[in-house]
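This is what each chain is made of:
Protein chains: 2
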Amino acid sequence: MSTAVAPKGLEGIVATTSSICYIDGDAGVLSYRGIDIHELAERSTFEEVTYLLWFGHLPTAAQLTAFTAALAAARTLPAEVVDLLRSVPATAAPMQVLRTATSLLSLYDADEADCSHDSNVRKSYRLTSQIAMIVAMFDRIRKGKAIVEADPTLSHAANFLWMLNGEKPTETATRTFDIALILHADHELNASTFAARVIAATLADIHSAITGAIGALKGPLHGGANEATMRLLYAIDAASEDPVEHVRGMFAAKKKISGFGHRVYHTEDPRATHLRRMSEELSKSSGNMKWFTMSRQIELFVKQEKKLNANVDFYSASTYTLLGIDIDLFTPIFAVSRIAGWAAHVIEQHDDNRLIRPRADYVGPAYPTPYTPMEQRQG
Amino acid sequence: MSTAVAPKGLEGIVATTSSICYIDGDAGVLSYRGIDIHELAERSTFEEVTYLLWFGHLPTAAQLTAFTAALAAARTLPAEVVDLLRSVPATAAPMQVLRTATSLLSLYDADEADCSHDSNVRKSYRLTSQIAMIVAMFDRIRKGKAIVEADPTLSHAANFLWMLNGEKPTETATRTFDIALILHADHELNASTFAARVIAATLADIHSAITGAIGALKGPLHGGANEATMRLLYAIDAASEDPVEHVRGMFAAKKKISGFGHRVYHTEDPRATHLRRMSEELSKSSGNMKWFTMSRQIELFVKQEKKLNANVDFYSASTYTLLGIDIDLFTPIFAVSRIAGWAAHVIEQHDDNRLIRPRADYVGPAYPTPYTPMEQRQG
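Chains A and B, in that order, are what the protein sequence lines are. With the first letter of the first sequence counted as 1, position 99 gets the number 99 in the working numbering; the numbers rise by one all the way through. With the first letter of the second sequence counted as 1, position 99 gets the number 99 in the working numbering; the numbers rise by one all the way through.
Bound-form chain A, shown alone (with noise of 0.2 Å):
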């Protein structure tokens, strides 16, 4: 048989074709459906831009209505699954939660076992509402707090703040939301979504891909970077450093950095670009520059020093922060985004799919070694 040897990682290897995503690494482009980031964030909303990547254009008026009501309908979930909220240890990661509580969804889904086009989409919806519930709602929990029941007049924003808070969120808490759950709605085969793609290959169905995604989204390589960069800033803080100067004590200790470079862009992360300007406007009107400000001066000296790029998850932690929200919900909160991505994934793998298997260059034992009888092994 033949066989081509990719580079570790698979790295610069098309996996599949998709028509959710398009990105030029090398001029900063990411554009969803063809349409590019810097408009949908400026323009559009979570719920437009989840409808873009389900259905392959923007939606008209009647179309986003119909969109809208059927997601905020969908914010329900199963008393068993409330039931394992409340059953699991405080102090759990929210993502192991998250990942239990959504296998747990599909015994509870009537479509299950149902990978047709409709019922994919179907279970779409009803995984993007209620993945945003349980996020919020294993929060309240945690901190002994009472649950707060769904908004369905509510954008699925502001219907996430509301559930985590039990206060109205601002306007531009809001938008500040929204505009970070567009840019993190999809990126093409990043790891969760390639997750999603191979498990969802064998048939296997949604809630079984999502759970993969959300496993591998916990990974401190992928969701897991805008934790590690919010953790820096808040041990940097602590102990009085010089941002700068502690930076510059982790390149002498050969230690990286979170939050900077990408496999794919080799100039900015056009997500950073915004997210940058979010914690920047967050602060000027919270009065707290903290924050961005020791952000934007590593930001610069990494550029400098190790000419590497801020990516999405760099500002996204302080923006985060500025927002109210805890440090172990921001890998959780990619998920309340990426779910769209993901669902336009295996839905577009489902359409069209065949088996994901590739092969592997064995470096073991020569073969045939023989099976050496226990009294002529030595340990």
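No wet-lab data here; the hints were simulated from the structure. Because the structure is a prediction, the values reported are computed rather than measured. Among the clues, some could well be false.
[To be verified] Keeping only pairs whose Cα atoms sit at most 16 Å apart, straight-line, the calculated EDC-like set for lysine to aspartate or glutamate is: (1) Lys-8(A) - Asp-351(B); (2) Lys-256(B) - Glu-245(B); (3) Lys-145(A) - Asp-326(A); (4) Lys-8(B) - Asp-352(A); (5) Lys-290(A) - Glu-280(A); (6) Lys-255(A) - Glu-305(A); (7) Lys-145(A) - Glu-167(A); (8) Lys-8(B) - Asp-351(A); (9) Lys-254(A) - Glu-305(A); (10) Lys-8(A) - Asp-352(B); (11) Lys-143(A) - Glu-280(A); (12) Lys-168(A) - Asp-151(A).
[Unchecked claim] Covered stretches of chain A (chain B as the covering partner; in silico rule of three or more C-beta atoms under 8 Å from a C-beta of chain B): (13) 35-49; (14) 87-97; (15) 107-120; (16) 181-188; (17) 275-281; (18) 365-378.
Even for Gly, the Cβ is constructed at its ideal location relative to N, Cα and C.
Given the coordinates of chain A, work out where chain B should sit on it, guided by the hints.
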């Protein structure tokens, strides 16, 4: 950026180096760490094979004793996981339950976030024992039967059958099941193992990776194939049809038949050889030749008509049925075995990691597609 376009489904693409499993699809060779699967099926045990997969060499007597004891000692489940098994609907698909319970296990595993080699090995012992327990225990619970406590004096195979049936298994049943576990323990970068490695490569924890792998295995193109084979045998039997005529009719109707052909093997799947033999032996010893005879007729016809060989799934269907195992436990039993290989691959991935992040070939609307204002859109 330079990219290379891979065949659909990454067919023939070498995605990583690995020293775990060597397959020669043209010669019909499968080996673990270089040792031929035929030698292992005839002379080894599941415990020994698992040791081989994890540590790279066959164990000495002392090593095997310690390994077997450690696996047996890991036969405990957190009470919360047992509660979950009791709380889910008895009608739930066992693979959904296994996926959810495996995810939940991580919340009660003290090593959860530690992805070091030693931690991964510790968790692999637990996962191997716990996955078997979950499958057996849920089957008891859903049937309204009392849970059977693990017996630390029994082998992995015998303990599973004991916990499933509440009777000490015969030597023949234990050895047959043990060989089935050996045969399914690893298969290089099959879809579930590849999913596990993609997830692990974000430096996500092994529970995340295995949860994703279980989801992938659930798909009918992967673990679900022997279920489909058995459903076909049942359907033919229920209708008192001639097996060959039934399959001829399926081919005329352009239907595919499960359990034949393989992405990698272009000759007989070496695992099929053993499963065919075991199916025949169990049939003779039980005096029930029906499923074997029917299977053999179908195998010869499909080989003659389509030049397709029976794969690992085809005779595992009748073998498991003759062991008295329910059809919807076939795929969970695959997981009971494959956890050995999944764990080996996650350990190997974390030991020398690089994020697995391929690219997609974008075939959607041209970039830049303008953001059309709402009033100008057409549905």
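Consistency of the hints with the structure:
Between the alpha carbons of Lys-8(A) and Asp-351(B) the distance comes to roughly 14 Å, so the proposed pair stays at or under 16 Å and holds. Distance hint between Lys-256(B) and Glu-245(B) is fulfilled; the C-alpha atoms sit about 15 Å from each other, no more than 16 Å. With a C-alpha separation of about 15 Å, the suggested pairing of Lys-145(A) with Asp-326(A) holds against the 16 Å cut-off. With a C-alpha separation of about 11 Å, the suggested pair Lys-8(B) and Asp-352(A) falls inside the 16 Å cut-off, and the hint holds.
Of the pairs offered as hints, the one joining Lys-290(A) and Glu-280(A) holds, with about 10 Å between alpha carbons and a cut-off of 16 Å not exceeded. Simply put, Lys-255(A) and Glu-305(A) have alpha-carbon atoms about 14 Å apart, close enough for the 16 Å limit, and the pair holds. Note on Lys-145(A) and Glu-167(A): the hinted pairing holds, with a Cα-Cα distance of about 13 Å set against a maximum of 16 Å. Only pairs whose Cα atoms come within 16 Å are accepted, and Lys-8(B) paired with Asp-351(A) is accepted, the gap being roughly 14 Å.
About 13 Å separates the Cα atoms of Lys-254(A) and Glu-305(A), which keeps this hinted pair within 16 Å; it holds. About 11 Å separates the Cα atoms of Lys-8(A) and Asp-352(B), which keeps this hinted pair within 16 Å; it holds. The suggested pairing of Lys-143(A) with Glu-280(A) is violated, with an alpha-carbon distance near 29 Å, which exceeds 16 Å. With a C-alpha separation of about 10 Å, the suggested pairing of Lys-168(A) with Asp-151(A) holds against the 16 Å cut-off.
Proximity of the segment 35-49 of chain A to chain B, defined as three or more residues with a beta carbon under 8 Å from a beta carbon of that chain, is established by the 6 residues found. Check result for the segment 87-97 of chain A against chain B: holds, 7 residues qualifying (beta carbon to beta carbon below 8 Å, three or more required). Look at the segment 107-120 of chain A against chain B: 3 of its residues bring a Cβ nearer than 8 Å to a Cβ of that chain, three or more, so the hint holds. Counting residues of the segment 181-188 of chain A whose beta carbon lies closer than 8 Å to any beta carbon of chain B gives 1, which falls below the threshold of three, so the coverage claim is violated.
Against chain B, the segment 275-281 of chain A contributes 0 residues with a C-beta closer than 8 Å to a partner C-beta. That does not satisfy the three-residue criterion, and the hint is violated. As drawn, the segment 365-378 of chain A meets chain B at 12 residues by the rule of a beta-carbon pair under 8 Å; at three or more, the given contact holds.
Of the numbered hints stated above, those contradicted by the structure are hints 11, 16, 17, listed in ascending order.
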